[in-house]
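Top to bottom, those sequences are chains A and B.
For my numbering, add 532 to where a residue sits in the first sequence, where the first one is 1.
For my numbering, add 7 to where a residue sits in the second sequence, where the first one is 1.
I should point out that these hints are in silico values taken from the structure, not numbers from a laboratory.
Careful: at least some of the hints might be erroneous.
[Unchecked claim] Here are the simulated DSSO-like cross-link-like pairs (lysine-lysine), alpha carbons at most 30 Å apart as the crow flies:
id: 1; chain 1: A; residue 1: 673; chain 2: B; residue 2: 102
id: 2; chain 1: A; residue 1: 845; chain 2: B; residue 2: 97
id: 3; chain 1: B; residue 1: 21; chain 2: A; residue 2: 551
id: 4; chain 1: B; residue 1: 117; chain 2: B; residue 2: 164
id: 5; chain 1: B; residue 1: 23; chain 2: A; residue 2: 848
id: 6; chain 1: B; residue 1: 91; chain 2: A; residue 2: 823
id: 7; chain 1: A; residue 1: 721; chain 2: B; residue 2: 21
id: 8; chain 1: A; residue 1: 1095; chain 2: B; residue 2: 102
id: 9; chain 1: B; residue 1: 102; chain 2: A; residue 2: 666
id: 10; chain 1: A; residue 1: 909; chain 2: A; residue 2: 880
id: 11; chain 1: B; residue 1: 91; chain 2: A; residue 2: 848
id: 12; chain 1: B; residue 1: 23; chain 2: A; residue 2: 823
id: 13; chain 1: B; residue 1: 124; chain 2: A; residue 2: 704
id: 14; chain 1: A; residue 1: 1095; chain 2: B; residue 2: 23
id: 15; chain 1: A; residue 1: 845; chain 2: B; residue 2: 102
id: 16; chain 1: A; residue 1: 848; chain 2: B; residue 2: 164
id: 17; chain 1: B; residue 1: 66; chain 2: A; residue 2: 721
id: 18; chain 1: A; residue 1: 832; chain 2: B; residue 2: 21
id: 19; chain 1: B; residue 1: 106; chain 2: A; residue 2: 845
id: 20; chain 1: A; residue 1: 673; chain 2: B; residue 2: 117
id: 21; chain 1: B; residue 1: 91; chain 2: A; residue 2: 832
id: 22; chain 1: A; residue 1: 845; chain 2: B; residue 2: 117
id: 23; chain 1: B; residue 1: 66; chain 2: A; residue 2: 706
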Amino acid sequence: MPKLLTGAEIVFKCLEDQKVEHIFGYPGGAVLPIYDELKNHPSIKHILVRHEQGAGHAAEGYARSSGKPGVVLVTSGPGATNVVTALTDAYMDSVPLVCISGQVPTHLIGTDAFQECDTTGITRPCTKHNWLVKDINDLSKVMHEAFRVATTGRPGPVLIDIPKDIQFAKAKYKKPNKEKKLNGKSQNKFSQVQIDELVKLLTKAKKPIIYSGGGVINSGPKASQALREFVELTGFPITSTLQGLGAYPGDDNQFLGMLGMHGTYEANNAMHDCDLLINIGARFDDRITGKIDEFSPNSKKVHIDIDPSSINKIIKVDLAIVGDVTSVISKINKTIVKRKNGHSKSNKSNIAKWWEQIEKWREKDSLNFVNSDESIKPQHAVQRLYELTKNKDTYVTTEVGQHQMWAAQHYKFNKPNRWMTSGGLGTMGYGLPAAVGVQIAHPEKLVIDIAGEASVLMTMQEMSTAVQYNLPIKIFILNNQYMGMVRQWQELLHEKNYSESYSEALPDFMKMAEAYGCKGIKADSPAELDDKIQEMIDYDGPVIFDCHVDPNENCFPMIPSGKPHNQMILGPNDQEENKIKGKGKALV
Amino acid sequence: MPKSKSAYSIPTKKQKSDTYIFVVWVDNEAGVLARVVGLFSGRGYNIESLAVAEVDAVKNISRITIVTTGTPQVIDQIRLQLTKLVPVHKVAEFKREDKDVIFKEMALFKVVGKRNKIEKCLNACKKFNPVILDETKTSAVIQITALRREIDVMNKKLKPLGLISTSRTGAVAMTRGAKIFN
């Protein structure tokens, strides 16, 4: 007869069989049996965070940078509710997370017991699926199923709620099923007919554009490789969403930069004027499309996505291919190569005029800004950071706001999984804990959180985690003393009524660094910036870099809300007055 | 200004909404109805009526029938989103006008009054297979099965005849002929 294991032992058995090496968590009453078992499993390292939200974001950073699911362990009640923001964030950005939460013993569920909450009820809308395990005999099956759901199809977070008595109860352990049946939830059933149809569209196109997204990253490094081949084979211009950055090299000539609300002039105009739009693993987010009615009005639209519910959700498409990006693009590439005689050459000449047009748009140099000798311009700071770190394999996380957009615009990524940012949910406070997770996954690599002073204060406590595990993360704060993006919108839309967007009494970040036991560096003037950045890179340990930047700088270019792609506001050099009025206000 | 359900965009083209019936086969497990209903409320879809019960005790399958309204695009999304839920096995949908599908609701009417009034009630219900479930000298409980709008009509009609309480189910649906859904 096989040995009976306790629920806590089964949890770790499952984690071992799922090849989990790190879990991010915070102990509490309802998970103590699991924490008690931790010591018997040396292959699994627990990272103690300072707040459960931090555990969630750290697991997200870990997952995004490594391609493996992130695992979170929290207690019942407040432990579970604190992790909800991170679960929602992971749900919006399709990050595979497995969250294990403790629950009060089964006989107390529903009695308003101490630290009880309806965890599965609260997390139902922000997970792919969740389970409350009420029978110890279900535990191993549920654990394995959880990993399968989190990592297959369009990835996402799952949660397993385990009451304390179940953690003590005993049962047989069941190994995961070897053959992974996908239960019809993961779709990869596209046909050669669809591929042929797409290739036909490719050959006919005169003004094509590829618009790639986070799905390419989620599909794994092979997808980025296939995408690069595809772009080379076709000679088409490519733009990327915020989440897709890095799938295609940011410094390549065929890359038009990011598109959308703060995307480049050339990318947005190309989206508007194209006659063939190929969406690869993106979801027509409202920050991308601008005004829906006038979105890319004259194009045939193709959408490649693993999630059937993303198709036709916002933009009606002419050809939908539901499948994993890697397999779809590889198939397309093969088909193109097979037909290569005639096609690839004639097509490249077909689109020569289109490229000329794109070059004209490029001449606008829409990311430019007026630099200064006196104050550090935030864009300049990001550019210098890029120049000084581009030869290292650098991982960048961000918080949310102006600095995030500047990072996306001016830091160029050449590899997938190097860029971790909260796009869908837009969670301020994401970047610091995410950097912790990234550094855990890649202990030898340079990890930088490009941050704003308002965002970073939301999860600042995780510096303590970084110091505890000696994680040399660099928190590069573009400090403008404002909630910059809020201030920018107030300037443009609310008659400069800067309601509550200025942070008075900011902490002294140098002293804060000292208090946490890490290094603080401050830069005030452009002249000292390079040396200070170099000092940060060279320091072996966590650093808080307080970079004082021009507080009044705005993030341009910008599509004013309610406007289509071809009506962007460019930077201060742009002469045209392009004010946002009336109806557009409601849309931001 | 058009009303917007979202803080972000104002729908400029108003598409026509139609009534559809969704039939969803799910694992009969704790919380499954909350998942389905939560999907509707969370994404702003409408539920006109809902009927749910286990239909296969061996395989543990429940069948949920939901009547909803939406534009073709919304109906498409509802189907795709439902299909994504882990405990959902199969989703079928059809228009209310679909001639190939039978679509029924049940109602219980409690009528209090003199004999002749109760007789009148029964007469009025004749078309809808009235069954008397309980009868006293001064009251009756009448069961009918009919379409939603027919029950609506009966509900109004019986009021002056002594109807004091109505209880009704959501719609259930079944295809005609030998074929089954999907």
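*Is residue 845 of chain A close enough to residue 102 of chain B, meaning Cα to Cα at most 30 Å?*
holds, 20 Å
*Distance restraint between residue 106 of chain B and residue 845 of chain A, which requires alpha-carbon spacing of 30 Å or less*: The given pair, whose Cα atoms are some 29 Å apart, holds under the 30 Å limit.
_Checking one constraint from the list: CA of residue 102 of chain B to CA of residue 666 of chain A, max 30 Å. Satisfied?_
violated, 40 Å
*Is residue 21 of chain B within 30 Å of residue 551 of chain A, Cα to Cα?*
It is violated: about 51 Å lies between the C-alpha atoms, which goes past 30 Å.
*Between residue 91 of chain B and residue 848 of chain A, does the CA-CA distance stay at or below 30 Å?*
holds, 20 Å
*Verify the proposed pairing of residue 721 of chain A with residue 21 of chain B, using a straight-line Cα cut of 30 Å.*
violated, 34 Å
*Restraint status (C-alpha distance of residue 1095 of chain A to residue 102 of chain B at most 30 Å)*: violated, 36 Å
*Straight-line Cα separation of residue 124 of chain B and residue 704 of chain A no greater than 30 Å?*
Violated, at roughly 67 Å.
*Pair hint outcome, residue 848 of chain A versus residue 164 of chain B [Cα-Cα no greater than 30 Å]*: Violated. Residue 848 of chain A to residue 164 of chain B sits at ~46 Å, over the 30 Å cutoff.
*For the pair supplied as a hint, residue 23 of chain B and residue 848 of chain A, confirm whether the alpha-carbon distance does not exceed 30 Å.*
With Cα atoms ~17 Å apart, residue 23 of chain B and residue 848 of chain A stay inside 30 Å; holds.
*For the pair supplied as a hint, residue 66 of chain B and residue 706 of chain A, is the alpha-carbon distance within the 30 Å limit?*
holds, 22 Å
*Below or equal to 30 Å on CA atoms is what counts here, so check residue 23 of chain B against residue 823 of chain A.*
Within the cut-off at roughly 21 Å; holds.
Going down the numbered hints, you'll see the structure goes against 1, 3, 7, 8, 9, 10, 13, 16, 20, 22, while the others check out.
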